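For the protein sequence lines, the chains are G and C, in the order given. For the first sequence, the residue numbers in numbering that gives the first Met the number 0 are 0 to 157. For the second sequence, the residue numbers in numbering that gives the first Met the number 0 are 0 to 935.
A few of these clues could be false.
Unchecked claim - So the derived label-pair ranges between C-beta atoms look like this:
1. C:R850 / G:S39: 50 to 58 Å
2. G:S39 / C:M780: 22 to 30 Å
3. G:A13 / C:I729: 19 to 27 Å
4. G:A13 / C:R712: 43 to 51 Å
Unchecked claim - Reference listing, derived: stretches of chain C covered by chain G, where coverage requires no fewer than 3 residues with Cβ under 8 Å from a Cβ of chain G:
5. 243-256
6. 784-793
For the record, the hints were derived by calculation from the structure and aren't laboratory data. Note that this is a predicted model, so its numbers are computed, not measured. The C-beta atom is built at its ideal place from N, Cα and C for all residues, glycine as well.
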Amino acid sequence: MRVLIIDDQPGFLATLTGMLMLIPEIEAVCPALGGLEGLSLAAEMRPDVVLTDLSMPDLNGAAVTRRLKERAWAPYVLMMSFNDGPEYREMAHGVGADAYLVKSDLDQQLVPVLRRLRAEPAGEKEHAPAPPRRTGTLARRHDAVRTGKTDSKDTRQA
Amino acid sequence: MSKTARTGSDRAAIQATAAPYYEVRVFAERALEESRRQYQELVNESRDGIYQRDESRRFLFVNPSLCRMLGYEAGELLQLTIDDICDPDDPDAAQVRNKADEGGEIPALMNWRFRHRDGHWVPVETSARRLEDGRLLVTVRDVSERVRAQEALAHQRDLYAALSETGKAIIGAENRERLFEDVCRIAVQYGKLRFAAIYLIDPADRRLHLAARCGEAAGYADGVTMSIDASHPEGRGPTGTAARSGEPQVCNDYLESAATAPWHDCARRAGIEAMAAFPLREAGEVVGTLNLYAGEPGYFTDELLPTLRDMAGGLSHALNNFTREAERRKAEAALHLGEERFRTLVEATSNIVWLTDARGVTVSASKGFEEVTGLDSSTALGFRWLSVVHPDDRQPVIAAWRYASENRVAYTVESRSRMQDGSYRWFSVHGEPIFEPDGSIREWIGTCTDINDQKLAHGVLRDSRQQYLELVEGSRDGIYQRDADGRLLFVNTALCRMLGYEHDELLRKSIHEIADLDAARIEENRQQQDGRAGSPTLLAIRLKHRNGSYVPVETNAKQLASGRTQVMVRDISARVAAERRLEDERKFIMHSMNSLPGIFYVHDAQGRLMRWNERLEQVTGLGADQLGLMEPAGFVTEACRDEALAFLHRTFAQGEADAEMDLKMPDGRDVPYHFNARRFTWQGRVCVAGVAIDISERREAEARERRYIHEARELSRRLLTAQEQERRGIARELHDEVGSALTALQMQIKGMEDKLPEDSRHLSQESREIVRVLLKQARDMSLDLRPSVLDDLGLTAAVNWYSRERLRPAGLQVEVDAPAGLGRLAADVESACFRVIQGAAINALRHGHARSLSIRLAPTAGALILTVQDDGEGFDVTAARARATGGASLGLLAMEERARLVGGEFSIESTPGAGTTVHMLVPMHGDPEAGDLDED
Numbered sequence: 000m001r002v003l004i005i006d007d008q009p010g011f012l013a014t015l016t017g018m019l020m021l022i023p024e025i026e027a028v029c030p031a032l033g034g035l036e037g038l039s040l041a042a043e044m045r046p047d048v049v050l051t052d053l054s055m056p057d058l059n060g061a062a063v064t065r066r067l068k069e070r071a072w073a074p075y076v077l078m079m080s081f082n083d084g085p086e087y088r089e090m091a092h093g094v095g096a097d098a099y100l101v102k103s104d105l106d107q108q109l110v111p112v113l114r115r116l117r118a119e120p121a122g123e124k125e126h127a128p129a130p131p132r133r134t135g136t137l138a139r140r141h142d143a144v145r146t147g148k149t150d151s152k153d154t155r156q157a
Numbered sequence: 000m001s002k003t004a005r006t007g008s009d010r011a012a013i014q015a016t017a018a019p020y021y022e023v024r025v026f027a028e029r030a031l032e033e034s035r036r037q038y039q040e041l042v043n044e045s046r047d048g049i050y051q052r053d054e055s056r057r058f059l060f061v062n063p064s065l066c067r068m069l070g071y072e073a074g075e076l077l078q079l080t081i082d083d084i085c086d087p088d089d090p091d092a093a094q095v096r097n098k099a100d101e102g103g104e105i106p107a108l109m110n111w112r113f114r115h116r117d118g119h120w121v122p123v124e125t126s127a128r129r130l131e132d133g134r135l136l137v138t139v140r141d142v143s144e145r146v147r148a149q150e151a152l153a154h155q156r157d158l159y160a161a162l163s164e165t166g167k168a169i170i171g172a173e174n175r176e177r178l179f180e181d182v183c184r185i186a187v188q189y190g191k192l193r194f195a196a197i198y199l200i201d202p203a204d205r206r207l208h209l210a211a212r213c214g215e216a217a218g219y220a221d222g223v224t225m226s227i228d229a230s231h232p233e234g235r236g237p238t239g240t241a242a243r244s245g246e247p248q249v250c251n252d253y254l255e256s257a258a259t260a261p262w263h264d265c266a267r268r269a270g271i272e273a274m275a276a277f278p279l280r281e282a283g284e285v286v287g288t289l290n291l292y293a294g295e296p297g298y299f300t301d302e303l304l305p306t307l308r309d310m311a312g313g314l315s316h317a318l319n320n321f322t323r324e325a326e327r328r329k330a331e332a333a334l335h336l337g338e339e340r341f342r343t344l345v346e347a348t349s350n351i352v353w354l355t356d357a358r359g360v361t362v363s364a365s366k367g368f369e370e371v372t373g374l375d376s377s378t379a380l381g382f383r384w385l386s387v388v389h390p391d392d393r394q395p396v397i398a399a400w401r402y403a404s405e406n407r408v409a410y411t412v413e414s415r416s417r418m419q420d421g422s423y424r425w426f427s428v429h430g431e432p433i434f435e436p437d438g439s440i441r442e443w444i445g446t447c448t449d450i451n452d453q454k455l456a457h458g459v460l461r462d463s464r465q466q467y468l469e470l471v472e473g474s475r476d477g478i479y480q481r482d483a484d485g486r487l488l489f490v491n492t493a494l495c496r497m498l499g500y501e502h503d504e505l506l507r508k509s510i511h512e513i514a515d516l517d518a519a520r521i522e523e524n525r526q527q528q529d530g531r532a533g534s535p536t537l538l539a540i541r542l543k544h545r546n547g548s549y550v551p552v553e554t555n556a557k558q559l560a561s562g563r564t565q566v567m568v569r570d571i572s573a574r575v576a577a578e579r580r581l582e583d584e585r586k587f588i589m590h591s592m593n594s595l596p597g598i599f600y601v602h603d604a605q606g607r608l609m610r611w612n613e614r615l616e617q618v619t620g621l622g623a624d625q626l627g628l629m630e631p632a633g634f635v636t637e638a639c640r641d642e643a644l645a646f647l648h649r650t651f652a653q654g655e656a657d658a659e660m661d662l663k664m665p666d667g668r669d670v671p672y673h674f675n676a677r678r679f680t681w682q683g684r685v686c687v688a689g690v691a692i693d694i695s696e697r698r699e700a701e702a703r704e705r706r707y708i709h710e711a712r713e714l715s716r717r718l719l720t721a722q723e724q725e726r727r728g729i730a731r732e733l734h735d736e737v738g739s740a741l742t743a744l745q746m747q748i749k750g751m752e753d754k755l756p757e758d759s760r761h762l763s764q765e766s767r768e769i770v771r772v773l774l775k776q777a778r779d780m781s782l783d784l785r786p787s788v789l790d791d792l793g794l795t796a797a798v799n800w801y802s803r804e805r806l807r808p809a810g811l812q813v814e815v816d817a818p819a820g821l822g823r824l825a826a827d828v829e830s831a832c833f834r835v836i837q838g839a840a841i842n843a844l845r846h847g848h849a850r851s852l853s854i855r856l857a858p859t860a861g862a863l864i865l866t867v868q869d870d871g872e873g874f875d876v877t878a879a880r881a882r883a884t885g886g887a888s889l890g891l892l893a894m895e896e897r898a899r900l901v902g903g904e905f906s907i908e909s910t911p912g913a914g915t916t917v918h919m920l921v922p923m924h925g926d927p928e929a930g931d932l933d934e935d
């Protein structure tokens with residue numbers, strides 16, 4: 000299992016990376032210090048799972064999730080935040096995240112969630128319900144501008 | 000034979016040879032010489048003038064007689080031609096001369112005249128003969144004497160004719176004057192005299208007075224005076240002498256004689272050279288003279304005198320006849336004096352003259368009766384005249400006559416008589432009794448005089464006099480008449496009243512005592528008077544009241560025909576007082592106008608300035624003449640001109656208007672003024688009165704205030720922004736740094752846990768729980784500072800989160816009405832809205848003790864309307880705002896400020912006991928930054 004972690008807090012990123020590396024099922028862990036870096040690394044590494052923070056200054060987790068989910072190789076996306084509440088969970092679901100994790104409960108929930116994802120058959124992933132697509136061309140073009148040219152190419156492929 | 004030979008040495012020889020001829024020749028020469036000498040003597044001694052002339056008419060020879068005759072020296076005469084001495088006006092003479100020069104026939108004798116050197120003409124008879132060489136030899140005889148004799152004869156003849164004519168005139172003469180004139184005329188006409196005159200002696204002054212004259216020099220008579228008094232020079236002339244002596248006097252050298260010296264000048268001018276004076280007698284006495292004046296000296300020859308004396312004698316005879324005739328007539332006239340004279344008189348008079356018998360029965364009435372009354376004259380006879388007397392006047396007429404009759408006196412009575420046209424006219428009837436020798440009345444003679452016009456005129460006069468008096472006395476104006484010295488001759492009641500005097504008291508005064516004698520003032524009045532030439536004399540002066548005060552009056556003086564001055568005096572104290580009040584009022588208004596802090600002006604409907612105060616002149620630096628001619632609103636700056644015209648129209652349309660316009664100062668500055676103008680009617684015109692105040696200070700204050708407000712807002716915006724940023728920063732710090740660190744710690748503890756012995760794992764788990772609590776606390780702190788949900792999810796999510804997590808747990812029932820699809824708004828708008836909701840909610844909870852709260856977000860076109868309503872206790876907004884401003888609470892002000900910072904409108908309604916509603920309206924534009932979270 001290949002995991003990409005996106006968070007703008009280097010300390011937290013380092014701790015989480017180190018912790019995940021200890022998990023045997025996880026073949027590779029890649030940290031990214033922001034949304035934009037995360038997206039470019041994701042395109043390169045094609046992770047199975049992307050673990051992204053919600054609040055980031057350059058590109059927030061919601062945008063990162065939506066773009067990743069637009070890709071043909073769309074990974075599982077787990078959104079994490081300090082905040083909890085139905086609004087957050089609805090939002091995460093809305094942008095296509097596979098799970099919403101509250102950071103204070105990460106120690107208890109992260110591993111079970113990853114394990115649950117790994118247990119799912121590979122084909123399931125392929126046949127996983129497609130995330131809701133944006134239909135507005137304006138929004139798509141906007142996204143392309145925001146995410147760089149590699150992404151816009153991907154968007155066309157999608 | 001040459002001369003030389005004759006006079007040379009050969010002479011003797013020649014003489015010798017020519018001896019026999021020589022003697023003959025000598026004899027012949029002697030004879031010739033003799034005859035030449037005789038001829039010369041003849042010529043020189045001749046009494047006739049002799050001259051020779053050639054064809055060029057120049058004299059070649061003249062003899063001494065001719066020279067004497069014409070008064071020239073021979074040498075002078077030889078320089079002349081015949082034309083120089085001939086009469087150029089005599090065509091016959093010229094013709095004869097021409098003919099002679101052409102070689103034609105020369106008449107044997109010619110009568111003409113030559114001019115003497117002194118200019119007078121000399122009548123001559125000439126006989127001419129042409130000599131062989133063509134020259135003319137002319138003998139000239141002076142025929143003056145002959146001519147004179149002929150003329151004298153002619154005079155004689157003329158005078159006889161005159162005498163004859165005079166005789167006829169005397170016989171036919173009707174009166175003396177006519178006769179005198181005729182005689183003078185005849186004397187001049189027939190006697191060829193320059194002038195004839197008849198003078199009569201006035202016994203009173205012993206002078207001779209002109210009675211008649213005739214002749215071309217008759218004007219002479221006007222310049223001379225003559226007397227019969229020998230002691231005067233004027234009495235010693237021919238006339239005076241003739242009148243005195245009774246003998247004719249002749250003066251043939253009038254201009255030379257000493258006796259006529261006093262009249263020489265006049266005579267010379269009149270061309271008189273001789274005169275004769277013949278006494279005229281009447282009844283033996285010399286009464287005058289017949290004076291005859293001739294234009295040539297020596298006119299009155301002895302031959303003439305008898306004739307002339309006869310003429311004068313005839314005239315005297317005629318005068319005697321006149322006297323006799325006059326006396327005869329006088330006697331005759333006296334005979335006819337009676338009835339004839341009376342009738343003439345009666346008929347000549349325009350009055351009616353009547354005659355009655357003693358009983359009053361009219362015997363006759365003059366023609367005047369008919370003419371005056373238009374009635375038949377028979378109407379006047381008997382007693383019928385009474386029938387035309389006006390019925391009212393009959394009795395007085397009869398009574399008057401009866402009284403006169405009884406008392407045998409004359410009477411006069413005035414009565415009206417009917418005219419033919421039925422109208423009555425006034426007559427004055429006067430009757431005089433004529434007595435018999437025994438003293439009884441024989442008859443009455445009298446007149447009726449038409450006095451109708453007099454009567455009417457009298458009536459009119461009386462009426463007008465009456466009216467005049469009534470007018471004068473009834474006049475409210477004072478009237479007085481004064482003489483040239485200023486004494487009052489008449490004063491009316493009004494004047495007495497005006498000046499506080501009794502009538503008689505005032506009449507004793509002179510105008511100088513009651514008039515103000517301020518010389519300067521009088522002079523001023525006089526000048527004023529000069530200024531209006533042609534108008535009646537109108538003066539404004541003042542008169543002295545009896546009590547010493549002055550009465551201002553206006554006088555109107557008129558010179559009366561009697562020499563008095565009549566003056567009408569009008570008391571103008573009321574007017575003067577009114578004028579003074581008006582002046583005071585005017586000054587008051589002027590002062591008020593000028594003491595106004597700003598500009599004051601009045602203009603007409605066309606915008607032309609009519610009045611203004613000094614301030615306008617000071618402000619604009621323009622003079623009164625410039626302002627008076629100024630264009631409408633000409634004193635505002637160019638840029639304000641349109642606004643000024645609009646302001647003018649607005650004022651007229653609405654009655655009142657305000658405007659703010661700049662004025663151009665003389666120093667070039669533009670100063671803002673606030674104008675307020677009102678429409679009103681003044682002097683019959685619709686006008687506008689305006690005031691304008693310098694508002695530059697206010698403008699500056701406003702600008703300052705705006706700047707302060709702007710600065711304050713900027714400050715508060717910065718404060719709020721800073722606060723928000725700080726909160727957000729701390730929140731993020733807590734959330735990112737602290738939260739991340741704690742999370743990492745928790746996970747590390749979890750990582751270590753697996754390596755701990757089983758029995759120690761609960762310690763690790765406890766540690767993780769502690770960290771979890773810490774994390775929760777940090778998260779709550781962060782959320783309270785700034786809900787990250789607002790940044791992460793937008794306003795709707797934040798409101799929902801806030802209600803659920805903070806308000807409901809506090810026991811408040813919250814209803815949120817926010818559309819799910821509101822989308823993200825600008826971050827500051829979301830913050831502002833959230834903070835306002837938060838503020839309202841906190842107020843509801845803390846101060847209102849509300850139980851329920853409604854939060855409503857309603858997006859409209861371009862704006863978001865936020866309403867937060869609670870069911871709390873409510874409060875007095877004004878008081879709360881005052882408290883807030885005083886620093887007691889910042890909640891309310893902070894809400895307002897946040898709203899305003901995002902360009903929103905904030906309002907709060909609250910009634911104690913009825914809850915509070917907060918409204919906010921903010922402009923809304925979608926925020927592209929936040930668009931990524933928009934999950935529509």
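Structure-based check of all given hints:
no.: 1; hint: C:R850 / G:S39: 50 to 58 Å; in the structure: holds (54 Å)
no.: 2; hint: G:S39 / C:M780: 22 to 30 Å; in the structure: violated (35 Å)
no.: 3; hint: G:A13 / C:I729: 19 to 27 Å; in the structure: holds (24 Å)
no.: 4; hint: G:A13 / C:R712: 43 to 51 Å; in the structure: holds (46 Å)
no.: 5; hint: 243-256; in the structure: violated (count 0)
no.: 6; hint: 784-793; in the structure: holds (count 5)
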